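Position chains B and C relative to chain A; hints supplied.
Chains as they are written, first to last, in the numbering used here: chain A, -3 to 294; chain B, 3 to 301; chain C, -3 to 233.
Treat the hints as calculated values from the structure; they're not laboratory data.
Owing to the predicted nature of the structure, the values given are computational and were not obtained by experimental measurement.
SDA-like mimics (lysine to any residue), calculated; alpha carbons at most 20 Å apart, straight line: (1) Lys156(A) x Gln128(C); (2) Lys156(A) x Gln100(C); (3) Lys11(C) x Asn32(C).
Residues from chain C that keep clear of chain A, each with C-beta distances beyond 12 Å, as calculated: (4) Gly15; (5) Lys21; (6) Gly23; (7) Phe119; (8) Ser134; (9) Lys176.
Chain C stretches covered by chain A per the calculated footprint, using a threshold of three residues with CB under 8 Å from any CB of chain A: (10) 67 to 77; (11) 88 to 95.
For glycine and all other residues, C-beta sits at the position ideal for the given N, C-alpha and C.
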Amino acid sequence: MDMLQTSIDGLMMGSTYALLGLSFALVFGVMRRINLAFGACLLFGASLAIYLEPILGWGAWGLFLVTIVGAALASSYVERLCFAPHGKRQGDVTAMVASFAVWMQLDEISSQLLPQRTHAFQGIEVPNFWWGELFVRGDQLLHFAIALVSILLLYLLLYKTRFGLLVRATADSSETAHLLGAPVPWLGFTIFLVAGILGGLAAFMILSADGYVTPLFGLWSTFKGLVAMIIGGVGSLVGAVLGGLILGLVETHAGAALGAEFRDMVTFGMVFLVLIIRPGGLMGVKIYRTDSLAQERV
Amino acid sequence: MDIYLASVLTNMTLIAFLALSAYLVLVVGEVSFGQQAFFGIGAYITASATALAGVHIFWGLLAGAIGGASFALLLGLLTIRLSGIYFAISTLCFAELLRFSLLHIRFAQNIDGRIIGPDGPEGFSNIRWIFENNYAVTDFLLLAVTCLIILLIVLFSLERSPIMLGARMVGDDPVLAQSQGLNPTYYRLSFIAFSGAVAGFGGGLFALFNTHIEPAMFGVMLGIHGLAYAIIGGCGSAIGPLLGVVLDIGLLESIRQLAAYRMIIFGGLVALLLVFRPEGIVSPRLVSRLKSRWRKRYL
Amino acid sequence: MLSVNNLVTSYGLIKALKGVSLEAKKGAVTCILGPNGAGKTTLMFTLAGILAPDTGTVSLLDQNLMGLGAPKILRKGLALVPENRLVFADLTVSENLLAGAFSQSRAMSAQVSDDIDKMYDRFPILKARHDQPAGNLSGGEQQMLALARALMSRPSILLMDEPSVGLSPLIVDEIFAIIKQLNDDGMSILLVEQNATKALQVADYFYLLDQGKVTFSGTPDQLKDDDIIKRAYLGGG
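Pulled out of the complex, with its shape left as it was, chain A reads as follows (with noise of 0.2 Å):
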């Protein structure tokens, strides 16, 4: 019974680890980057909905609100500033170290938005429940059908709209779909912008299940999403899922039978093997991306 009842919670965390990989795979996907100042923009959008709190009066749901718009506005700020301006291929790591130095800009004004190390971060009240012998809580399993809701509207998105179609066919080839009409510098900004609103979610979600925010978020969530990514393979949307997921269990199942520190150690070490052992994760996507223009590393 111990064994489902930390699963269960395993796949509650690791819902909102796969929001994470989304977003981290979508930006991998289609513009073949790394976003470093992910987490920091999550971090923005929470400390800003803090901040804004007392002003704006709206409780929980301005959290919500405010925390999703502030990580989407981030998210387009680091895009103008370190992607935009860098070209394809050459400009790919320039690009992932200039968000590298936004994550710190970002980070340093979430701090002076909360200088306190620690703030209360109050969600929505859901009630918690036993279902049989099994404790369930009442906000975790909301986040749960709200990551799942959004897994969904995303895949319907993408498979089933002309837009995104442009962004799988940008995906699998920048090259050739620009060649074909595709406006891949607008549609790289839009992809930021969803990452953004995603991340934000899912700060949201795992904020309100803490109850609390501090500076570290923003390294963590940075962390985590980029781990479900790799654990599933990398650029692969069905992979993030898949990866979070199986951090959120390994994870939680970890800190049940060894305890907190251990934790993260599993989860570092877990993600080590992977790298070594078979670095293309659980979809086995290629880590040599072989364009027929040209072979690039990734």
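Okay, now just chains B and C, sitting in the frame of chain A:
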């Protein structure tokens, strides 16, 4: 020289070692988020050698450098097939796993009434070699700066050698380098090991200066700062990372009122700078242009 | 129909095209021959708007194409079937065809699905595989897909970069039969080919490109002279 200024300068010198170690990895075309682990390993080894085994700091520091190099080489061998973001994340994991191991090493001895030795999360206290041998703060600064200068001389003389040229070629385009007959793996491993040595040496100095070290000091943020300085300063020459260190710490210390907003300004400036100068301030292109101008004028 | 005048394109300091002038007449199959490295693909990419030229003019039906990016050039009626096909491997065949219509506005969606049906009529093998990922198709099938995809944008002129590369002789015959058929139906085609024999069977006019310059031009009959073929493939002279 007043003690405060001496400490600031010493800290800059020690961080410079970390920044230079990150730079060495950048030269072969990779980004490492894990140099702080080798810094930490060097610190612990030098501390053990000098405080536990009573060895002279020369041998202690050498041991720290060798320790750093060995672990770096191990990492390099494990990640031999990886590059880019995969390599970067694996360095982060490796560093955290090492730090975790340090949290669990307990070998504190009671020597002459003092507790000396690694004591898990409590750290390693009483690394008192420089005090027991009557080194003033300014003496140590001189020692640290001298070591840094020696390292810089080595790096500058390497700049024009086939080794550095080959390494930069590998960093730029490993496929092209291979077609020219270079073995990218060989360069990668050597430079990663070298970077570990540099970080380990710096860590050893850090342990001696601080007299107390603990695993929490060698976390991700430390490595990220070192990396930041190397990237911002530019990887065209060893001067780059130094420039990065001076810019950030110098700025921090001199503009006190802005201290709280330092990263906001610095981070934004860096991203902006990269738009116009993608390879950092001291970029390889700038370096070759300056070199050819110097050559034309003086030769 | 398509006039190119003194086109110069460089890669950094290297001039790949050193002043190319040619003309592709309406309703004709114009062929560009030349050895490797002559600049044939550079020419195609420049015309399609992927590479920006240094100087020169390109006009299609008296419309200037210079300085326009690939999407705009596509809308003006110039479609390129690139070397190595470049299909979207993870997308299905039908999605690849839809992608070909990116340049058409949303309002044309009815027309787009009509066009897809027409493509399926012309290329029955694509219809059979319509919901398979394009990566699963054979080389020849991918070439057909790339061709159909280019046709989806309703071009006035079709550019093809080495359609025979990597394909077996039987498939190459099939592809060239389709090219002939398209031309018979009125499509203007500008073709780059290594396989001189096959190309000259369908060409109305040809140009020889060597080291970034046009060294010879004429009709297939004029090519009966062996000397010219030698010049095309050994360069110099």
